[in-house]
Structures are given as C-alpha cells and as structure tokens.
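J.: Using the sequences and the hints given, assemble the complete structure.
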Amino acid sequence: MAALAVHLPLLLMKLPLKSYDTYFHIFFASHYLHHWFNPWNTKWYAGFSQVTYPPVPQQWVALVSRLVGLDLAYMLVQMAAILLFVVGVYRFAKLWVSPRAASYAALASVFLGSESFLVYCAGQLPTTFAAPIYLNALPFLFEWIRRGGWRSYVKATILFTAAAAAHHFTLLFGSFFFALPVLALALLDRENGERVSTPSFIARTLAIVIVVGAAIAVVLLPFWIALIHYPVTQTPIPHPSRANYILSPEWGMNYFVVPFGALALALPFIFVRGSMVTRLRPLLLGFWVAFLLGLGGTTPVGHLVLRRAFDVLTMERFSYWATLLALPFVGLLATELIDRYRSRAAVSLGVLAISTCALAVSWTIYHPADPEAFDVTSVAGWLNRDGHDQYRYVTLGFGDEISRLAQLTNAGSVDGEWNSGRMLPELTRYGGAQLTSAKYYGKPGLDSLRAILTHADHYGLKWVLVRDHYYDPLLSFAGWRPVDKLDEETITIWSKDGVPPATPLNSPQMPPHWQGVLWGTLPFGSNILAILVLFIPEERQQKARARYRFASEEDLVPGRMAS
Amino acid sequence: MRKGALLAGALGAATVALVAIGTIWPVPEAVAYAGGQSLMPKSSTPEAAVRNLGDEIVLQAWDKAYDSLANKAEFTEQEFVGDIKGYYPNLRSYSDVDHIEVFPLHASANDGDVQLKLYWSTVVGEPVTTRNLHVVRNGDRWQVEWPLVKKTIVPPQVIPVNYLRWDVIYRGAGDDWGAQDVEAPHVRIVDMHPVQRAEGVVVLGELLNEDVVPAYVSVTATLLGKDQAPLATEGSFDKICHLLLPKQVTPFLISFPDASLSDVRSIRMTPFSTLVPASADPVIEIDSAKLNPAPDASLTGQLINQSGQVVNVAHVLGTFYDSTGHVVWVADQYVDHALLPQTPEPFDIHIPEDLARKVSSQRTVVASYVAGGAL
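Just so you know, the protein sequences line up as chains A and B, in that order. Counting with my numbering, you get residues 55 to 617 for the letters of the first sequence. Counting with my numbering, you get residues 910 to 1284 for the letters of the second sequence.
It is worth saying that the hints were derived from the structure and are not from the lab. Values in this document were obtained by computation on a predicted structure and should not be read as measured data. Careful, some of the hints might be misleading.
With a cut-off of at most 20 Å between alpha-carbon atoms, the simulated PhoX-like pairs for lysine-lysine come out as follows [what the hints assert, rightly or not]: (1) B:K994 x A:K497; (2) B:K981 x B:K1059; (3) B:K1267 x B:K1199; (4) A:K497 x B:K1026; (5) B:K1156 x B:K1199; (6) B:K994 x B:K981.
T.: Below, the structure is given as structure tokens:
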C-alpha cells in the first residue's frame, strides 16, 4: 500500500516522461506494438535490430498500450515493477534477517533513492523491471540449494530466465553480487545444527546453473546470435557515471548522493554488522564490490575489474544493486533503532526515508535530463506531409526528444539513442553518441556528424532539423540550405539538393523471420510462465523458516557466533 | 568478534584507500570529466600554472581562469573571454577547446615563458590557437600574465552597398523542394585530376558556372574498377564553394580514404546544379596573396571584408596550378576570426611538401557564412 500511495500518483502524473530514457523505451514499445514479430526497426540508423536489447518490459508496454496508450502503459508497467520490487526485497531480505527486519527493508525500498532515481530521472524500466524478478528468484535458489525440491528448482529456473529476458545485465552481474552471496549463505546455513552436504551443494548448484544458462541461451537466442556476429567493438562513448565523484562533485551528487540519500548514513553500520555476523558476511562482500563499482571513476576498481566493459557500461546500475544489497542491513538497523528509541526512531527514520525519496524524485526537476524539452509534434507533422518522409532526416539540438520524434513520424533517421544497436560505420568509428548532441562529444562527435553528412546521398539523408545554431556554419559550408522554419522559428529545416529518396539498406544485421518469431514468443513467454509457476504452492519446509536464526544484536554476544 | 572487527576495519580502510588512490591518480575516464585535473599540487611550476589555466579554459571555468591571472587588473573577465572565444560571433563561438598542449620555453627563479596551444573542436576546420605566455612567481605559486589582444573597434563610417542580387520566384506552396520550373544552370567541369596520396585517392579539379544565373553546385565522383563496377562514391562536401555566381569558378576536392589509384580504371564525375537566389554581397577582397616556397610551403595573404556587415566565418579555398595551367592541388582554411568591415584578417594555407615544387601559380576564392542568413 505504501508503494501505491507514494508511486502511483507520481506515475499517473507521468513524471518519468521527464527522464533520460523513458521515451527510448516507449519508442521500442511502439515498434513492438506494430511489428511484434519483426524486430527490424527502420526508424533509426537507417535500420537496426531490436534483438540487441532484451524485449520483455517494452513488449509489456506494447501489450498494455492497446488498452491505455503507450505513455500510460509505460507508467502501469513501471508501477507493477515497483510493487513486485517491494515483494522481492521482503523475500530477499528474509533470507538474511528476521521477518520483522525484512518488513522494514521492504518498507524502506518504497523510498529507496536509487529506485526513484532510476524510475524518475534515468527512466531505466528494464533494470527496475528485471531486478524485482531476480530478487524474487533468489529465495527459491536458496531453497533449492539448501533442501532440494523440484518446486523451488522450477520456480528459480523460470524466474531467472524471465529476469534475463527483461534485462540481461541484471542477471549477468546479479550472479556475482546476489547469487554468490545466497549460495554462500546456503552453504553456511544450519538447520537443526546441520549444513547442506558439499556434494549436494555442488550438484544442485551445477544443476541450476546449467539449466538456467541453457534456458537463457534459448530464450534470448536472437540476441546471442546478433552479439556473436556483431560484437560491440565501437569506440567507447564517455559517460559521467565513470567520473571521479570527488573531482567532479556535480556527478557525485547525481550518481552518489541522490541514489544513496540517507542510506549513506547507514554505511558504518553495514560494514560493522556485516563483518561481525558470519551469515551476513557474504551479503556484505557482495554489497562492497557493487558499492565500489558504483563509485565509477572515484576508485580504480571499475577500471581494473571491468576493463573494456568499464568504458561500455554505465555505473549507476551498480549503485542500484549496492543499495538493494544494503536493504537487509537497513531493515536490521531500523529494527534495533525502533526497539531502543521507539517513536523517536520511527519518526526520524520516516523523515530520512521520505527526504531521500523526495530528493530522488525531484532531482529530475533540479537536474533535468533535457533542460529545453519541447514538443516535437509540429516537426513530426512536417516530416509526415508532402512526401518528406521519402527521405531520411537527422536532428541537431533535439536532445532526448529524438525518441519521441521517431515514435511520431513515418520518416527514418540515421541517428538514434541505442548506441549498441547502431552499425553505420560513420557512427561507430569515432566515439560520439547521438548525432543530435554531437557538439557535447567534442571532436569525436563532430567528426561523426561530418562523416554522416558527407554520405548524405548514400543514405537518402535530405533533411537536417536544427534547433541549435552551433551547427549552422557546417551545414552552410557543406552545401545545405535552410528551406523552412517551425515552432516560431526555433527550428530550422535544412535541405540538400540532389539527394535521392531513401532506400532500405540491405543490411546483413537484419534478423531472419524465424528469429523474429522466436523474439516475439520466447522472452515474453518466459514472463507468462514465471507468473504461472508462482501459483504452484510452496513446499512445507518453508514454514520451518520460522525456526531459523536471523542476524540480530544477540549474534554479537561472544560465544554465540555461528562461526 | 575479533575476526569481525578485523574484517570491518580492513574493508573500511580498503575503501578509503581506494577512494584516495582514485582521486590522487584518477583513471583516464575520470580525468577527462575533471578537465584534466586531479588533487595533485597546483601551479607549483610555470608549466603547471599554464596547464591549470588551460584546463580551466577547457572546462570553461572562466571565473577561476580569470582569477588565476597575474595581470587581471588590466582587463575585465569579459574581455579575457572575448579574447579567447572571439569578441564577435566567429568560428570559435561555434567551438570548444578540445585539449591543450603546454611547452616550456624558458624559466628562471622568478619568471618564465611557456607556450600554450589550444586545440579547438569545431564544426568546420581544425583551428589551433597558440599563445606564448609570460609566467611570474608570486610567493609559492606561479601566475600567468595573459597577453590580451584588445577588441578591434571599427570606426563609424558609411559604406555604400552596390552589389548584384538574383531573386527566384518559385511555382507555389505545393512545390516539392528542389522541383523548379526553370532549367538547371549550366555548369561544367573544366579540369579534373586524380592524385594518389598516403591517405587514399583524391580527385580534384575546377567547376565553372557557364550560365547567366547563380547556381548551387556540388560534385560527386565515382571510382570505377577494372570491370567498370563502382568501387566507391564520394562528394565534395565542404571542399568546394557551393554557391557560384555567373561565370564563377570553384575548385573542388573529393577524398576517397583507403582507395588505391591502381585499382581504378576510370572516374565518373557527376556535377549537380540548381537555381538558387543569391547575392554578390558580402564582397571579400583577397589582398597580398603570396606563394611561399618549401620548406613549410604555404599560401598566405589577407582577407578584407568590403561590405558593411560582419562575416562570421570565412572559408578560403586555394587552387594550385603547375606551369602548364593544370590543377595540382586544392587546399583550404577556415579563418577563425570574424571579418569586420574593412579590417584585414590574415590567412595561411599549408601546401604539401611534395607538391609545392610543382606549383607555379594559384587562385583563391572565399566562401562566407553570416549568422542568421537568409531562408
């Protein structure tokens, strides 16, 4: 109820539409809405394959949009993910701490800064959609490893697969930060003084790793095929989450203070309690590694551990995972503070939680993703009339609005926002990201823009829609002419004479029909299956969990250590 | 208990140590975002003082950069910024400093000279600003004396405007862009010459507007292989003057990176022209053009804006001929200062060493960009 009370009004206000990536996911969803079984999208990069991004959250948005439209469908799917998230945090925390502490952890998750940051500022639906599925799978993994039982095995397998179908990175890195600590806990855990035997542990671990690996390989087969044939070898693109947050405090604010909020005050407790209590040590280590990686370039850890991936991944997801791993500790801390200080503690914790959530939600106002957001309807209307959509276009100075424009227009662009999906050599060679923001990427960005304009004839690129006069000299000297103005002359349309109409590029990256059918069936099917298996009743041993020992203050008494 | 305390202490200490290491010796990605800065001691040498100033210019931290100057009392911060970015909108207004280089020239106990090179990332051209800076010791730190170039003030005057202008009346609102009632202006390639260079094949030549109306022009070249199959197609992009008044000639240069002339049997040239409205204004005079021999062969001279309006960006295209009058090279330069009325602005176009010996004459044309141009 708390999650509904906090997040439903914000989502119904469509606050995530101000975020960085929300329109990007809506754009992908709009393609699935019209072409569920054809992942080849011609609206960006003169054609690109959507199998380069796991599809499930966007497919859910596409499906729900048939009832309520794309924008509201996105909000409803995000709301469902948040509700699932609270449940997932409770179930995950209950592995480590008492049910009461887990309840506090779940309540804290409603106000978690990193969750609100990703939902309202970053617009990372897949990450916030996959994490709850993953968290809900972990207790089944524990049950399977600890006691066996086919129900837990089936549920864990299907939920892990569903999580990967929503966001592959969550599963890949989650295995290290979440699953390894849970496996260690299963090994450490004693029931009636007995541990799981080592052969059973190894056999069960191998059984689930192999089957989950195989299931993910099949469900995301088109993704793996695309990745193997066209690995991401393009020049890395800078991202401020890799900055040193002390040397660049503005990014420290964005990627540390806002996501962590008051949770940062709990860091000493996490380190001390996580070290003191044996069964919490795996969780602490998982948290610590995720925490260090989430600090981006503040420490050399990300650069050394992730190597090239450090230049490809964005680091805020590690902070997100670190805060999820911290939540059981937060629940534990809340329990102890409330036991000791009663209402004073409850009020203080409430104020801190609400402040954290408020800062993260409002951060999109104080630090907007696109400070000059504007309506692209008139631009889309211009492209859609008088045969203008026979040619391709590129925007300059449109920021994150290019996803919205792509959703509204029939014309294709040579630009886009999905860097890993682009294959045009003019875009991958230099190290710039979106052409529309070329100047912000310095020389690489401008080199990339010049390269694509040089080949305008080849791509049928006739229109350049300009909302930033910075680029006017380039267009003028390269032979483009202003031909129209829109939106009270804030947008100038430049044209190049003699450009032939755009033709479909015969791209080798175009997935065959059978891959389109798989893409439209298996990932979404895995989610449906995940919902269905949750109706299988749990095993009776679950009730025995009530007798387990949980990490609390009494664990600190010398001589009673589990170790 | 002791083991737990030890672990907590170790993790906490490791975290603090890693943050300290990452801040004192930041990883390259973090350095880039901090504008080349770290927590290392600052301005302890003349070179460090200039480097810090350069980093602040890269970050556009004008307040900090201005405050760090030894002679800031001699000018305002606005003048300092204007000296770097340009007092009038120009090429550097459409640019940011991409990176810097610092070269110590001379140093003594109390002062020194250091050269600062600012490499701009611009939409066109690749300008580099070089400044020789005097650095003085002030207590335990060094400070730069910025050699400010004062703003050029154009004296009040009346400039008569008397130029040709061509207007075009189109069919109507329903026209497709580019579809016109009139025949395209007649243009002709008067010279064409492929050259093999280290970076690939270059096709250069000249295009003439034979018509009595202005023309928007471009040239596309297609390399054909031994079997007459197309190998590559490229356009002239900005290595051409796209607007040609009647009887005007423009050079063009088309690059085919990584191509080899030995694979090419023939070249298909496709000139394109369309009628556009145009005016002869602004008129830019090329004064004192001079070919300088190798080494460091170049074409130098100065541009004088004869009109009454400011020309924000000028593009100088030089065509170089051998003794028989054939084009041997085409080179260009974007002038990074605005052209004020009647105010000379120098240009310097580099000529490749190996071609400089063949050059016996040149012809220079100028294309210009004026902010807020006509639609």
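J.: Work down the list of hints and note, for each, if the structure agrees.
T.: Structure-based check of each hint:
1. B:K994 x A:K497: holds (17 Å)
2. B:K981 x B:K1059: This hinted pair holds, its Cα atoms lying about 14 Å apart.
3. B:K1267 x B:K1199: Status holds; Cα separation ~16 Å.
4. A:K497 x B:K1026: Between K497 (chain A) and K1026 (chain B) the Cα gap is close to 16 Å, so the pair holds against 20 Å.
5. B:K1156 x B:K1199: Violated. K1156 (chain B) to K1199 (chain B) sits at ~25 Å, over the 20 Å cutoff.
6. B:K994 x B:K981: The given pair, whose Cα atoms are some 17 Å apart, holds under the 20 Å limit.
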